[in-house]
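S.K.: Model the full assembly from the supplied sequences, consistent with the hints where possible.
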Amino acid sequence: MAPLLSVENLSVSFDTDDGVVHAVDGVSFQLEAGAVLGVVGESGSGKSVSSLTLLGLTRSARTTVTGRASFDGEDLLAAPEERLRRLRGNDVAMIFQDPLSALHPFYRVGAQLSEAVLAHRDVSKQEARDRAVEMLGLVGIADAKRRLDSYPHELSGGTRQRVMIAMALMNDPKLLIADEPTTALDVTVQAQILELLARLRDELGMAMVIVTHDLGVVASIADEVAVMYAGRIVERASTETIFDAPEHPYTWGLLGSMPRLDALDGADLVPIPGRPPSLIARPGGCHFHPRCPYVREAHKVVDPELVAVEDDPAHAVRCLLPSATRRRVWQELRAGVAPERARTDVIEAEEGER
Amino acid sequence: MAEALMEVRDLVKEFPIHGGVLGRPVGAVHAVDGVSFDVLRGETLGIVGESGCGKTTTARLLLRLLEPTSGSVAFEGRDIATLSRRELKPLRREMQMIFQDPYSSLNPRKTIGSIIAEPFVVHGVERDASARKRHVQELMDLVGLNPEHYNRYPHEFSGGQRQRIGVARAIALKPKLIVADEPVSALDVSIQAQILNLLRSLQRDLDLTLVLIAHDLSVVRHMCDRVAVMYLGKVVEVGDAAELYARPRHPYTGALLSAVPVADPRLARAARRQILTGEVPSPSSPPPGCRFHTRCPKFVAGHCDVDEPLLTDGDPAHPGHLAACHYPLGDDEGAATARPAA
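Read top to bottom, the protein sequences are chains A and B. The opening residue of the first sequence carries number 1 in my numbering; numbering runs sequentially from there. The opening residue of the second sequence carries number 1 in my numbering; numbering runs sequentially from there.
No lab work stands behind these hints, which were simulated from the structure alone. Values in this document were obtained by computation on a predicted structure and should not be read as measured data. From the three backbone atoms N, C-alpha and C, an ideal C-beta is built for every residue, glycine too. Hints are supplied without guarantee of correctness; some may be wrong.
Quick partial rundown of chain B residues pointing at chain A, CB under 7 angstroms, derived from the structure [claimed, not checked]:
hint	residue
1	50
2	158
3	188
4	190
5	196
6	215
Computed Cβ-Cβ distance ranges for the label pairs, DEER-style [unchecked claim]:
hint	chain 1	residue 1	chain 2	residue 2	range
7	A	156	B	84	32 to 40 angstroms
8	A	138	B	16	29 to 37 angstroms
9	A	60	B	151	47 to 55 angstroms
10	A	64	B	298	53 to 61 angstroms
11	B	307	A	123	47 to 55 angstroms
12	B	107	A	199	40 to 48 angstroms
13	B	107	A	301	37 to 45 angstroms
M.R.: Set out below in structure tokens:
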């Protein structure tokens, strides 16, 4: 069976006054019906742009999109705007990161929710309104009927995001692209929403792409995870592997940066030094090399490919270090060794042997 | 036990709701409704809770950026809630705030140097321009900014660097107390870790007392010595962080802890999640009795919805671990909702 969503070598660049921004650079992934892919990365990693591009939301005269993307056998990148408009909000729905700018400030919530149904289905206004009340209830908004008459500015950030989620679910989509769906929500509500999304996937067979910076969110819901950095997927694996046996230094950095409830007292976080590169003038060689504690001279010049590791075809890593070396470093890090020390222990020891 | 730097007693803040054609007050949002706690000298106190629980209002009341409706906030024994503006000004030097949004909390028309120097100007210290510049550059260095960027503007900095600017401004006058309202929630994970490590090392080095307002329980666990959990304008549980996270007493705390996504897929899927139903009721008409009773898994009709529980000591073995619940979680129940150790 062909996958529901298939993306091949997708690149997106924006021509700006400052130069060409390489927002997405050669991204490939596939998603089966009912499966959940977590796309993890920090701001500027290209995770949002890749999902926006799939729905034709980055199209403009100054945007260059190359590669291929097909949804349910349909070519998304070549589809005319009219066709995409019928797809969006219907078979493919999207939840955006910023609920305030995604909701129209002049219209009541009820009108905006009803519109989502009325645009795609032949239903009466009352039916659309009833559906809106039902969906608001589903996402945990109390007093849903009265909320229909609220304007977005009258709602808290959390409630606004829930309205957005309700709107996306109005037409029972086959694919839900959720860009930071729970970032604006409280933990107890986040737990409700994640459970709700998991239930929708199970009951409706809804596939999901969850774009997030929060590894905790993907751990609980995703089947597979793609870690993005500077416009590229740097590591892709099953969710278990990403947490148990990650092989990319950036993934290690993300894991080390996260405060955890089960962490030992007084343990300092291990942040990634520096900050993400400019996407206009990306560093040569491996894009992560300026922040990588394990960099070798050659890595500043040679550009790594996303290559599957030897014994796990589902696990691909874009790193120039040999897999065996990466595994040794991860063992050290996992045991609580600091990155500088792990470098001395593994990388420099190996160089000494040569 | 360390002495209290700040004592908060029965603090109440109501925001009137205006309605009708004449805009008369028709009700009130009880944002903070009778909150009492101490902030001990040198500690990091975390205040956690969901949106609308009153944690940010509490933060602002602590610094009297809002006028309390009633109650007292004593800083080193002086009730700042009743001081006049003039009496308050010298105390403002001792108490600083770090804001959530590093974009809107810095004036875009001012250079970084003058933003960080602003507290000196306001309080009339470091009047000599060259000494002031030197001092600002020391601060920049301390928080990990390049002192040569003194003349740059906020838009030239990334979110994490802007938050460092906010931190530099907050520590400029060597305050005794810093209230940080969601200092890292707007930042990327890797940057967040940098700022958290910075706050921790500054706290150790400068002997600061820190009140950290956050919704992220992992951040609070990582940073705090003691934690106060708020729900609908009330503190429902307060205690030593390790103890409270290991053995939550209040069912709300238990539910909060179990709701935190765990970055470990096996644990995440195996965990017995206690998912609360419904959402936080409106603070304009809070439920009678225990405010949590509408969502509480241990709700007992006729008691919880009538009688409001007070913050009390549950276990003599852990003095200072207080919970406001008629039917607190036992050790095994509490531990079940808490996270298994790695």
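S.K.: Confirm or reject each hint.
M.R.: Tested hints:
{"no.": "1", "hint": "50", "in the structure": "holds, 4 angstroms"}
{"no.": "2", "hint": "158", "in the structure": "holds, 6 angstroms"}
{"no.": "3", "hint": "188", "in the structure": "holds, 4 angstroms"}
{"no.": "4", "hint": "190", "in the structure": "holds, 4 angstroms"}
{"no.": "5", "hint": "196", "in the structure": "holds, 6 angstroms"}
{"no.": "6", "hint": "215", "in the structure": "holds, 6 angstroms"}
{"no.": "7", "hint": "A:156 to B:84: 32 to 40 angstroms", "in the structure": "holds, 34 angstroms"}
{"no.": "8", "hint": "A:138 to B:16: 29 to 37 angstroms", "in the structure": "holds, 34 angstroms"}
{"no.": "9", "hint": "A:60 to B:151: 47 to 55 angstroms", "in the structure": "violated, 36 angstroms"}
{"no.": "10", "hint": "A:64 to B:298: 53 to 61 angstroms", "in the structure": "holds, 59 angstroms"}
{"no.": "11", "hint": "B:307 to A:123: 47 to 55 angstroms", "in the structure": "holds, 48 angstroms"}
{"no.": "12", "hint": "B:107 to A:199: 40 to 48 angstroms", "in the structure": "holds, 47 angstroms"}
{"no.": "13", "hint": "B:107 to A:301: 37 to 45 angstroms", "in the structure": "holds, 43 angstroms"}
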